[in-house]
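> Here is what each chain is made of, one letter per residue.
There are 2 protein chains.
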Amino acid sequence: MKLGGFLRLSLAVFGAAPIFAYAQDASPLRNVPARSIPVPATVSLEMQRIIAAPPSLNRSAPTTKDEWKARKEAGAALSLKALPALRERLGVQVENKVIAGVNCYVVTPNSVPEQNRNRLLVHFHGGYYVFFPGESGTKEAILMAGYGHMKVISVDYRMPPDFPYPAGLDDAVAVWKEAVKMVAPANIAVFGTSAGGGMTLALVLRAKQEGLSLPAAIAPGTPAADLTKSSDTYFTNEQVDNSIVSYEPIGEAAAKLYANGHDLRDPLLSPVYGDFHGFPPAILTSGTRDLQLSDAVRVHRKLRQAGVEAQLQVFEGQSHAQYLSNDLAPETKEAFDEIANFFDRHLGK
Amino acid sequence: MKLGGFLRLSLAVFGAAPIFAYAQDASPLRNVPARSIPVPATVSLEMQRIIAAPPSLNRSAPTTKDEWKARKEAGAALSLKALPALRERLGVQVENKVIAGVNCYVVTPNSVPEQNRNRLLVHFHGGYYVFFPGESGTKEAILMAGYGHMKVISVDYRMPPDFPYPAGLDDAVAVWKEAVKMVAPANIAVFGTSAGGGMTLALVLRAKQEGLSLPAAIAPGTPAADLTKSSDTYFTNEQVDNSIVSYEPIGEAAAKLYANGHDLRDPLLSPVYGDFHGFPPAILTSGTRDLQLSDAVRVHRKLRQAGVEAQLQVFEGQSHAQYLSNDLAPETKEAFDEIANFFDRHLGK
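Residue numbers (this note's numbering), protein chains in the order written: chain H, 1186 to 1534; chain U, 1186 to 1534.
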């Protein structure tokens, strides 16, 4: 009688000696065969289109400064084109402003309700700490300002290849020091996705180190919390994710370019290795196909272990940062409404 | 110049026309190559052992009543063996008791702190609504009573092949009606994992339909919220999960055996299709490798869409229900401490 599957269920769910499980095969590698994965039918049609897109394979990483810059400029130009219509749909105005010597974009909703007039959000864009310079990095700030009806300062922090770590984080800290002079820190939240989520966490670690005020809440979206390839979903969701697809080659190359010889496990580069005690309440966002789902999960657990109020929201079938992909997808509004609601509960007025 | 990966990131993170993504390949299937996945180093050694165990492949489903019963009995015998030592380690006593004509097990911690003396938890065990009859289904109740220091009634609901749906749910409702006579419903939480999580959600849907009192909180652990193969992680985590491994053949066969001809999309069989308005606060637990992670994620989103307070906790690298596998793993205590903390915040005294 073949009992394997049932006994495994029994072992897994109702616990017997784990030694049994080793009887057949002592290899610690999980060998998973090739598969073809359909698009889930339970998400919106807009999200189904995003999920149906094939991943970009055979990618290469830039190797010289000029190659990095050329790729950065090409992407920025493409991203910029979509912004005027986005600002129009979301009902926001964007103004370029230098704060503490750092180039910033102030995103202001056309209509700000009374309870949000003394509130401020600080935003760090994503893009491996390398891409989306200037105004091209304002998409998420526009979505947050539009859906959350709060003013946002989006920080155009300095980036490699010319300005590796810690230049960008220094800029983040400099803007933070000015922001708390504009509005009480109890009325400010900080957010960002991917590298912007990592920067959000690193800013709080630096603020703790320097004895600065902390924000009242943070929203690290699928944060780049570990620049090494340690998170399990880098393996389980490789090529399942159609957004960033795999750690190599771009993620790995960009991490080294940004770190510029510093240890990738430095908590200011990989915040999951930091001390989260005293952190403000946090809401994390990810998707089931996200290559960096484990980063969000590990940060969530570490925050909870440190006694911090922390919420995790995960969206069905979404790859890395796809809650930012299409402002017309209902899941996009849902994600930002949740973040806005979380900020509303934690920010002073 | 090869821009593919970067443009995809740009499209995904900073949104341009999704039509671009369709240019290379119009197939909606994601083709993922075979891979070998290492054990994550960031979880406890106990959890690394659980994750390192190979999945049971080439499983078969029972086809006759006698085959189902034989498999059920073999598994129950195996599970029962581990229980005396578990009760000892967790410091609980178990007493067999018939409540409303339903066989139950009352799990009482040796020490119950003052604030928990008027509180009660109701538990439904997992096992595809087929396995773990009698006392063999009490493992999770022992863990919850031991870590949460609260009394638990574990319901030995009737199961197929002799008693398909709705017999088990009828038993759940009957015990619920008695429980609210013992302790005020504001002081009661309901929990269970896998099928037990599905039963927890179905009980609340039935209680709403019948105008019964609702529990003050629920903890559906990686709930069987959709008996059809609709959740995305049934595909993305197939064979990545080493606990229940795949939907076919056991999950599919057990779903049909339990439903006994009823539509699998009936909300009392697949609660994710139900109306969650008015549900009590809920905490959901899953893992990044869980075959049913999407069920937990979809339930979490639907609860939040209905305005219900709902927490999601996901553990790194864990397959289905592995937070129950080894009571000595720190992740097990962590998961149950979170649930106990959630209950403590929502239950009256």
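Don't read these hints as lab results, they were simulated from the structure. None of these values were measured; they are calculated from a predicted model. Be a bit skeptical, because a hint or two may be false.
Identical chains share a label here; the pair holds if one copy fits it or two copies do between them.
[As the list claims (entries may be wrong)] Straight-line Cα separation of at most 25 Å, DMTMM-like style, residue types lysine to aspartate or glutamate; simulated pairs:
hint, residue 1, residue 2
1, Lys-1414, Glu-1231
2, Lys-1250, Glu-1519
3, Lys-1518, Asp-1529
4, Lys-1518, Asp-1460
5, Lys-1518, Glu-1494
6, Lys-1414, Asp-1448
7, Lys-1534, Glu-1494
8, Lys-1534, Asp-1251
9, Lys-1250, Asp-1347
> Give me the numbers of the hints this structure contradicts, sorted from smallest to largest.
2, 8
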